[in-house]
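Asks: Between the sequences and the hints, there should be enough to build the whole structure, so can you do that?
Keeping their order, the protein sequence lines are chains A and B. Everything in the first sequence is counted per this note's numbering, starting at 1 for the first residue and increasing by one. Everything in the second sequence is counted per this note's numbering, starting at 1001 for the first residue and increasing by one.
Derived by calculation from the structure, the hints in this document are not laboratory data. Worth double-checking, as some hints may not be accurate.
[Stated by the list, open to error] Some chain B residues close to chain A (C-beta under 10 Å, calculated; not the full set):
| id | residue |
| --- | --- |
| 1 | P1051 |
| 2 | D1175 |
| 3 | P1198 |
Just so you know, even glycine gets a beta-carbon here, dropped at the ideal spot from N, CA and C.
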Amino acid sequence: MAGVSLRNVLKSYGELQVIHGVSMEIADGEFIVILGPSGCGKSTLLRMVAGLEEISGGEIAIGGRVVNELEPKDRDIAMVFQNYALYPHMSVYDNMAYGLRIKGLSKEEIDKRVQAAAAILELAKLLDRRPRALSGGQRQRVAMGRAIVREPQVFLFDEPLSNLDAKLRVQMRGELQALHRRLGTTSLFVTHDQVEAMTLAQRMIVMNAGRAEQIGAPLEVYARPATTFVASFIGSPPMNLIPKDGKLLGVRPEHMEPCAASEAMLTIDVDLIEPLGADIIVYGHVGSGESARVAARLPADASARPGQLPLRFVQKNTHWFDPATGMRLEP
Amino acid sequence: MVERRPGLTLLSHLVLVLGVLIVAFPVYVTLVASTQTSEEIVNQVPMSLAPGDSMLETYRVALTGGQTSYGGRVPSVGPMMWVSLVMAMVIPIGKIVISLLSAFAVVYFRFPFRGLVFWMIFITLMLPVEVRIFPTYQVISDLQMLNTYAGLTVPLIASATATFLFRQFFLTVPDELVEAARIDGAGPMRFFRDVLLPLSGTTIAALFVIQFIYGWNQYLWPLLVTTDESMYPVVMGIKRMFAGGDAANEWNVIMATAMLAMLPPALVVVLMQKWFVKGLVETEK
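Replies: This is the structure in structure tokens:
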């Protein structure tokens, strides 16, 4: 196992630059999630680590060895693709064994590794089947099995859960976590789903338009977003950003609290109410002239109705941003 | 169209039965004629549609050649069938190998003038053998390939159609599969052999059936490049059996030869039908 270093990694297609210098040190055994909206370059970054995309500038090192010029097979990585990319004409066993056979491992060694991976992933009964005869979740597990048997230094996951239905996704998320605890292999996981990122990551990179907006532990990123992009990308509904005194005031919806009109720090004109069972989310405008939308998460027993709603919040839960650059302003 | 109308059902059955009759009747006449003697066919006008009883004798004569009951001499069909079989095997296999490789190159490798190469292949789709037949003949003749198996088959092997077909198929293979193979450490030829080839199985089968029949049915090209009787394919053999001038035709032997000539393509279609249909309608992915 090994750490991964990204040193000012750049990617451009001709004139068009899509990754603008990402740097990060990933420790051995860490589970890193690369999070961002579609088109932000997160998959490209992962594919550069895998060796499927050329690196236009900067360096990527795996286990201290610069891999810029190495073929994917020589980088000691394994990748799980979004659509699984299983070989359709091979059995589950052969799908997992294929890479090992090319490596020239002995039959016994291959069998040992495949059986071990199948046991971990509960695929033992399916080894003779073709991918076609498997469900989505099972295919996903085969794809992971194919990665595990290689015993790589780094696992790369490219949105592996996004083709699964919601329930299965939650289950696979749990299995992924268990797997990482068990194997302790350094993992890079690309997703656009903030829930996946928050639950799986030890640290995450939030990317936007080819830049790493913030790198940090999920709760740290949630508690102290570095930019307005991160603030509005993470959290559902996103952080409210209200222009105030030439700056942007950020307050998360769950930090808003209804109160008496005399104590109000903010009064909104409620026009949309979404009762979710566990809580109620109300949306409204601030004041009359300003157009900033504000959402507040209220307890389930709160009485919410359209009209004026006074809200308060405590100072420690406020964030300030520069409206021009979007950067966080430390108080 | 799912409609319950007895009239429509009747009509569609009528049309189908009619279609079958149009196709099947000539084959039946051929079969019946091959079981009668020449005298029976010629003396009875129109000929009887009931099977005769000299089937074994007729087919023996057709296969081995020699003296017929009618007094004429016919060449043996056996060697002609062999020539046809060689053509019908070499052409599809050669076509499939070359087309697979060229489609593989065009789809998976980035090389200078790739687009140009593809379009050049594509444009030759518009040039069937008949159009370039004289220059091709000149080349084969200059290469001393007249009256050889190579002369019969090589010019018919290059195929834009098959290349195009495989290209289209390769384009539908997901990129991730290529990438997964790269990560697994499979080089280009290994990927070709282990992944692309098995996936193309049904397409190959369909192409083989079509091209087998194409090779078997060649007439014009063998007519040009063969002058030696031992190199005549069976389709030419049938034509040659029609006696010119006053001599009588040995209809029973001609019909038997026709039946024999029909047999291998029919067998190939029947035996490979399952794969053939699969290859044309679906891909295993």
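Asks: Hint by hint, say whether it matches the structure.
Replies: Status of each hint after checking the structure:
Residue-level restraint check for B/P1051 is violated (minimum Cβ-Cβ distance to chain A is 48 Å; threshold 10 Å). The criterion of a C-beta within 10 Å of any C-beta in chain A is met by B/D1175, whose closest approach is roughly 9 Å, and the hint holds. For B/P1198, the interface hint holds, the least distance from its beta-carbon to any beta-carbon of chain A being 4 Å, beneath 10 Å.
Checked against the numbered hints given earlier, the structure breaks only hint 1 and satisfies all the rest.
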